[in-house]
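Asks: Chains A and B, in that order, are what the protein sequence lines are.
Under this note's numbering, the letters of the first sequence match residues 386 to 548, in that order.
Under this note's numbering, the letters of the second sequence match residues 5 to 43, in that order.
Check each hint, because a few of them may be wrong.
To be verified - Below 35 Å or equal to it, Euclidean Cα-Cα: the simulated DSBU-like pairs (lysine-lysine) are:
1) 11/B with 400/A
2) 518/A with 400/A
3) 518/A with 11/B
Please keep in mind that the hints were generated in silico from the structure rather than gathered at the bench.
This structure is a prediction, so every number in the text was calculated from the model and none was measured.
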Amino acid sequence: MTGFAIALAALNEMKAAGALRDYAVSGAMALVFWTEPVATYDLDVLVWLPASEGPIVSLRDVYGWLAARGWNAHAEHVLVAGVPVQFLPAYDALADEALTTAATLDYSGVPVRVVRPEYLVALYLEPQARTAKRRERAAALCEDPGFDHQLLQDIMMRFHLTW
Amino acid sequence: MLSLPEKVRAVIELQRACLPLLALQRPPRPWERVWDTDT
Chain A
386 MTGFAIALAA LNEMKAAGAL RDYAVSGAMA LVFWTEPVAT YDLDVLVWLP ASEGPIVSLR
446 DVYGWLAARG WNAHAEHVLV AGVPVQFLPA YDALADEALT TAATLDYSGV PVRVVRPEYL
506 VALYLEPQAR TAKRRERAAA LCEDPGFDHQ LLQDIMMRFH LTW
Chain B
5 MLSLPEKVRA VIELQRACLP LLALQRPPRP WERVWDTDT
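Generate the whole structure from the sequences, applying the supplied hints.
Replies: Right, here's the structure in full:
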C-alpha cells in the first residue's frame, strides 16, 4: 500500500477503533477527489470525536492512537506515512452537515469519506474561511459538470452564505 | 481524466514546483514540504 493510501486507511482504522466517531477528508485534498489537482501541503480531515465528559474538545485520543504507531504530532499536524494530516473537529452546523453527507469514495482499494463538492464550496464561503485562493477553488468546483447548483443554493440560503 | 493516484502524484509534482516560489515569499511552515511518500 502506498503512503497516501496508508494515511487514508489509518483514518478508517481510527474510526473502527473508536479514536474518532467519524471523519471526512476536506480542504484542498477533498477538492482533488472531485476535480483537478491543486498545490497543497497537507490533508485536512474534519472529525467528530468520541463524546467527552467536559466541554473542552481534545484530540488527545487521536494523537495517542497515531503516536502508538510512530506517527507523532508536530504543532497542529501529524505526519502519517509521509503525509501531514490536520484533524479539524467539526466546528459548526455546516461542518456537521458536511460530515454527515460526505461521500464514500475509493482510493486504490481504500474506502475514504470525502466532503461533497457543494459543501466544500459552502465551507469556503463561510466568513472565517474566505480567502481569494479559496474563492478561486470554489469557482473551479462549481464548473464541474456533476456539480449540484441547486444543492449549493439550498445550503447557502440555510446557512446565510453569499459569494 | 486522471485517476486518483495520478492526481495525487500531480499534487506532489505541484508541491515540488511551488515550494521554491513560496519560499521566495515567506519562510515555509514546518509542514509545507514535499510529501515523502510514494503516493
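Asks: Are the hints correct? Go through all of them and say.
Replies: Results for each hint:
1. Taking the CA atoms of residue 11/B and residue 400/A, the gap is near 26 Å; set against the 35 Å cutoff, the hint holds.
2. A C-alpha spacing of about 32 Å is found between residue 518/A and residue 400/A, which places the hinted pair at or below 35 Å, so the restraint holds.
3. As the CA atoms of residue 518/A and residue 11/B are separated by approximately 20 Å, the hinted pair is consistent with the 35 Å bound.
Checked against the numbered hints listed earlier, the structure breaks none of them; every hint is satisfied.
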